[in-house]
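Protein chains in written order, with this note's numbering: chain A, 9 to 255; chain B, -9 to 207.
Rather than coming from a laboratory, the hints here were simulated on the basis of the structure. Among these hints, one or two may not hold up.
Here are the computed lysine to any residue pairs in the SDA-like style, where the Cα-Cα straight-line distance is at most 25 Å [stated by the list, open to error]:
no.	chain 1	residue 1	chain 2	residue 2
1	A	Lys83	B	Thr104
2	A	Lys68	A	Gly79
3	A	Lys123	B	Met121
4	A	Lys169	B	Thr111
All values reported here derive from a predicted model rather than from experimental measurement.
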Amino acid sequence: MDADRIISMEAVDKYFGNFRALHDINLEVSRRERIVLCGPSGSGKSTLIRCINQIEHHDKGRIIFDGMEVGAHTKGLDKVRREIGMVFQSFNLFPHLTVLENCMLAPMKVRGIAKPAAAALAREHLEQVRIPEQADKYPGQLSGGQQQRVAIARALCMQPKVMLFDEPTSALDPEMVKEVLETMIGLAENDMTMLCVTHEMGFARSVAHRVIFMDQGEIVEEAPPEEFFAHPASERGRVFLGQILRQ
Amino acid sequence: MIRQFGPTEAWFIIAAVRWTLLLSAIAFIGGGIAGLGVALARTAPVAWLRLAATGYIQLFQGTPLLMQLFLVFFGSTMLGSGVDPLVAAAIALTLNAAAFLGEIWRGCIQAIPTGQWEAATALGLRHLARMRYVILPQAGKIAIAPTVGFLVLLVKSTSLASIIGFVELTRAGQIINNVTFRPFLVFGLVAIIYFVLCWPLSRLSQMLEQRFGTVRR
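Start from the sequences, fold in the hints, and give me the full structure.
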């Protein structure tokens, strides 16, 4: 089981000034596991996944990714980050580069892959997210859903061991949510290890092995989705689900 | 002996434009190169680099350009052989321009949304690669208009070099005025020449601002 562990967080605390964003987070993630994090806004779920690739640095506790402890003073954090794909709520594509160039940049500049090979890799993953025909456009010319799929392809081009999704569909118009979720389901079918912050409960039900419910910086409960949605163990979980499902 | 203000005198002034342009060019190019260094140091992840760059900017923004010219000119005289006024003026203006351009460009770098930094970081790009391939190409676009605007200021600042005896446009005007005693005519002509140099640049800056002024996401 130990060799199968890719992420482990032990007693992690994170503060923004005096605000305690994460408190005593303990989390183990196995390879090929798919986890959905949910909870009210400000509950720390985004901060949690941002600590995994150290976009945010935690203040206490240990975070170990694939056998390497990471923290604010770790040398060579970039070597850890390149193994972790991240998809953001606001896409964050590079507006001055074409779709293809967005996907080629990191493979070339981080992995040192030659340009033709990087282009081939980029086209392959654009194919995978089903927008190969947009390769030469700029991000500003695409719809939100298309941009987010490019962002997924860009992350996949680094052939990451884990994919982190930070509310990937929250900034999208309703009709575009589906195309992005379908792309993510496709990844799940390929056994990608995934941590997704999302309120898409249908997605959670169909792909997640585990749902983690957070509130006020703490993990309140974790359970397989069918169990969590049918019988949340905590009062806070019940309240949260009541609010989500009423929408 | 008073001379008439004729074509020879006018030509003497007009011909001095080349020295104003040369000094402006040296200070702009030198200041641009050094200014990029200042801007990068100002936004570096290393604390002492940021501190050094901040100190440099505050020193040069907090003292008059004229004092900087004096210090370089008389300072180099004190150190040994006297320095050519052009060299002294070029050094002082370059150091000064580096501080102002560095601060302008720092602002442009920091105007790039944090999401761009985060996305580049998450992909495993290190600081310099992040700057070079992601941040600077975007910051460069929004920097164009204020940079041209600063160039206008720089062209006019070169007139201060007249005080340490460098014969550029303003100094040429003073020389002619000393022999013709026609200050309104002479300095009117000098002012018009500055305007002819600077006005197109100002217009260009405004046009560029309309074109590139906003960050596109």
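Here's how the hints hold up against the structure:
no.: 1; hint: A:Lys83 <-> B:Thr104; result: holds (22 Å)
no.: 2; hint: A:Lys68 <-> A:Gly79; result: holds (9 Å)
no.: 3; hint: A:Lys123 <-> B:Met121; result: holds (20 Å)
no.: 4; hint: A:Lys169 <-> B:Thr111; result: holds (16 Å)
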